[in-house]
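S.K.: My request is simple: use the sequences and hints to build the entire structure.
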Amino acid sequence: MRVTGLLGFITAMWVMILAITAFLINFIAPIDFILFRNGLDRFVISLMQASIAIVIIVMLVWGLNKMKEIYMQKKLQL
Amino acid sequence: MLDLSFGNNILIYGVIVSTTSFLVTLIATPKMISSLIAQGSVVQDYHKPGRPNVPRPAGPILLGGIVASEIILYLLTLNMTIMAIMLTTVIAFVVGLIDDRKVLPGWFKPIALIAAAMPLIIFGAHGTHLNLVFGNAFIPLLYIPLILAIIPIVGNTINSIDVLNGVVTGFVIITTMPLLLSIAIFGDNDVFLAALPLLFGTIGLYGYHKFPSKIFVGDSGTLVMGSMYGAIAIAGNSEIIGVIALLPAVMNSFLFLSSVKKIVEHRQVKERPTIIRADFKLAASKEKNAPITLVRLILADGPLSEREIGYYIFKLAVFSSSLAFISILIQYYFLSGGR
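Listed in order, the protein sequences are those of chains A and B. Each step along the first sequence adds one to the number in the working numbering, with nothing skipped, and position 28 is 28. Each step along the second sequence adds one to the number in the working numbering, with nothing skipped, and position 231 is 231.
Keep in mind that the hints were calculated from the coordinates and are not lab data. Among the hints, erroneous ones may be present.
When the alpha-carbon atoms are kept at most 20 Å apart in a straight line, the in silico DMTMM-like pairs for lysine to aspartate or glutamate are as follows [said to hold, decoys possible]:
1. Lys210/B - Glu308/B
2. Lys270/B - Asp3/B
3. Lys75/A - Asp45/B
4. Lys74/A - Asp45/B
5. Lys48/B - Glu287/B
6. Lys288/B - Asp32/A
7. Lys262/B - Asp41/A
8. Lys286/B - Glu69/A
M.R.: See below:
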């Protein structure tokens, strides 16, 4: 089917989103308890969580870009 | 979760707002078409033989249907969240209308749409927890910049999928379904009711925008749809579900931006991603510098007619909406404590 590759691309994006949300919920949201045993200021913790979330989103964009390059080479020979 | 108990009038209110938005767009669009033609507000449809003139924009009609419904709903409920959603949509419409009238630089829309996000913050339409499928995160401060980013991103994402006859309206109709279910489960009655005019107003317009289009929606129409989609996703605690449903459009925006490497208007790009053949079928450009778009990838396996491309985009929208439905099930399982 013509759009099979695109369906695969969308599924990969979905899996990446689910992986990131799982990571954010399980490791980043409770980071103050896991790493510091509630010993840090709430604002510092929020800043740290936001910074990690931004790094993860940058990594997501990088991952998507790599995926796009591979897909482009296969589909359009670019 | 929706409160369906007897006496809260959700069914009656739902019928009133849905019917109003649907009938306003359905009845007023033919008049708008005649008026736009009389004013000479038409653009050429490059993908048809003879390049016929098509009136543009349909944004004012869509907005009219939505605003009429939201005002009625506000008078019935007196909920300020409805006012916030409506104002966000109106500001985005004004931004789109300016863009319809004048060719503005690519940065204009994303920056101007930040203003459209302000009513959601001012009226406190957002929550303090972000639903992240496997649980929710308490982010009272971080939510504010997130809202300022979501409205411009969703507005431009929906705008970018307005590629061929009927595509953006059909795409929004399909992808609003999982969003409505998500709001019904994770939001509340008033936000669910406020979301209905987007679906029914767009259904009313689709009959005129589908292939072959009798009217183009224009930037004012696409930004109305995109900003309202973002606003109801925020107010209905359904941001991630909305992103998943919109994945084909997100992918289209991402491919375009990562190949052009700057924020620029589609019409300002010299190399076209597709070429029109003598038989008016579209084919993928072989130019290395041409932007990569969803349509170009669909055409990578061979030329297609405009109607066929729209059909494939709708297939992708149905697929991403299915993934959004699965995500709703996962989220419901985790947020209800794994019961």
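S.K.: If you draw a straight line from the CA of Lys210/B to the CA of Glu308/B, is it 20 Å or shorter?
M.R.: Holds - the C-alpha atoms of Glu308/B and Lys210/B are around 12 Å apart, at most 20 Å.
S.K.: Hint check: Lys74/A vs Asp45/B, CA-CA at most 20 Å. Holds or violated?
M.R.: violated (32 Å)
S.K.: Quick one, are Lys286/B and Glu69/A close enough, alpha carbons at most 20 Å?
M.R.: holds (16 Å)
S.K.: Has the given pair, Lys75/A with Asp45/B, been kept, meaning a C-alpha gap of at most 20 Å?
M.R.: At roughly 28 Å apart (the allowed maximum being 20 Å), Asp45/B and Lys75/A break the hint.
S.K.: Can you confirm whether the C-alpha distance between Lys262/B and Asp41/A stays at or below 20 Å?
M.R.: violated (39 Å)
S.K.: Run the distance test for Lys270/B versus Asp3/B: straight-line Cα separation, threshold 20 Å.
M.R.: Not satisfied, since the Cα-Cα distance of roughly 53 Å exceeds 20 Å.
S.K.: Is it true that the CA of Lys288/B sits at most 20 Å from the CA of Asp32/A?
M.R.: violated (48 Å)
S.K.: Given the hint that Lys48/B pairs with Glu287/B, does the C-alpha gap stay at or below 20 Å?
M.R.: violated (23 Å)
Hints 2, 3, 4, 5, 6, 7 from the earlier list are contradicted by this structure; the remaining hints agree with it.
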